[in-house]
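**Student:** Chains as they are written, first to last, in this note's numbering: chain A, 1 to 440; chain B, 1001 to 1108.
FYI, nobody ran anything at the bench for these hints, they're computed from the structure.
A portion of the hints provided could be inaccurate.
[Unchecked claim] Simulated pairs of lysine to aspartate or glutamate, EDC-like, Cα-Cα distance not exceeding 20 Å: (1) K78/A <-> D1023/B; (2) K1048/B <-> E42/A; (3) K2/A <-> E65/A.
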Amino acid sequence: MKKNISINLFGTLYAIDEDAYALLEHYLDSMKSYFSRQEGGEEIADDIEHRVAELLWEQKQKGAEAVNIEMVRNLIAKIGNPDEIAGEDVQPEASSDRENRQTSESHDDENVRIDNNPFHWRPFGGYRVGFDGKRVKLGSNNFSRFKENIKERIKNRHLYRDPVNKLLGGVLSGLATYFDTGDPLWWRIGFFALAILLWNFDIMAFGLPLFYLILWAIVPEARTPEDRLRMMGREVTLENINEQIITDSTNASGTPNPVPPSGGSKLLKVLLAVFLIICFLPIGILLLMLFLFIIMVVSVFGHFNQMIVPFDIFPDDYATVPEFIQSNSAAIWFAILFGLLALGIPLYAIGRALFASNSKLSRRTKVCLLVIWIISLIMMCMTFFNTFARFMTHMQNRPKVSVHYGVTIDNDTIVNTDSLNDADTTYYMEPFPEYPDSVK
Amino acid sequence: MRKGMLEYCILLLIHRQPSYANDIIIQLKEAEMIVVEGTLYPLLTRLKNDKLLKYEWRESTQGPPRKYYALTLDGEEALRQLDASWNQLSRTVAILKTGRPAWEAEIR
């Protein structure tokens, strides 16, 4: 069973198998990139695309329900690869490029490096020309043989992260491929064993995971068939690429995701999410607090006539605050609820945009969320304002029972009398009958 | 040599009647001139860029729209020249092969 894609070629729909589609897409892409170096190259690629469409049409007329990979391969054999096509026509620079690359590579492949610069980094051994003009092999011991071995293994290979065999980021499977050790499972076991071992050393506890993250960040993913060929140290030719596409698709035909997903890397998203949560939450809370502070100030000035000290809003004794909360609990819960909505909806949106970019929200859901967000923002402001205004009045009207708690009272003088000289003395309730009258 | 031949053949075919790529491909394949079809497209594009060919799109009842190529005046002229040099060439080859003058070969 194969997944089927429907494509539109010049106005006609064709049902095409997923692997066949990958091959065909790659074929047309390589045509485009090949001829783009030539004058009128786009037109040539376009003509070829037309020809492809025509051949597919013929197949469709013959009654082929879906285009399969065999048909695409026949089609490519019929039309020819860019190399064959250009082989009889103008030779673009590409081929000479490739030759150059090959010669330089074969130069590299010789294990012999003649290099007199003693500071030149020779990670895998090599030779140095001694003073007598003879080649001196560097470090001819077991270690260098080990290095030679590694050098042999990674010959022509490029380090990539392997998206096909990956668990998390494909770093270890990439390393396994790079060093040609086969199954990445042993790398994983080793990695976790080492990580657990290092856990006991305080400084190194996060060393290995950190190392992994760094590798994840800097090592590219082998996303295209070309990358995967390079990863495995094979020559990048069109035949190899086509073969790779076919093996990729057959290897992964059982898994839900045969072509590794392209687009931004997962690592970046994870880091970004952590960063956003770290930044956004405090910023959001700070903004909220600033906002509340503004509301506070506004309401303080709104009640300016009655208020004397703007910052004396919190009573010396908090006894009345729970009382207020109790009597206004509904309003406060509302305020909290709306506040959570106002903060949570943008967070949710950001999270979705980062992690579920391929499953888009429907338009209706988006509009709903937006409306809810705006309403909750407005409601949050209003409830906060309202509650706060009431809180202010509550604080002003409160019986100042506690003002003089803990104040040392002399027989003659009372410390902290200033607060009693307020304009709102009318509200003042005498808690202690034994206070001397002179205080008033 | 082969490349030049191919161009000549294409011009000949299109001279006979305006045609689109598939016609040309079928006839060239019959004549065993080309192996892979793709070879044709760069040539056609180059001939068109050299103003020897012109083309027009025609809707097709079978499949995608087709490019019908036809010779321009320059193309006709170039074909005449190619014809002349081809005749010249074949005569030369005939003479060399038989070792006799051309008129004699023609009489036989």
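**Student:** Now tell me, hint by hint, if it's right for this structure.
**Tutor:** Structure-based check of each hint:
Proximity of K78/A to D1023/B is assessed by CA-CA distance (about 15 Å); at most 20 Å being required, the pair is judged to hold. A hinted pair counts as satisfied when its Cα atoms are at most 20 Å apart, and K1048/B with E42/A qualifies at roughly 14 Å. For the suggested pair K2/A and E65/A, the alpha carbons sit about 13 Å apart, so the restraint of at most 20 Å is met.
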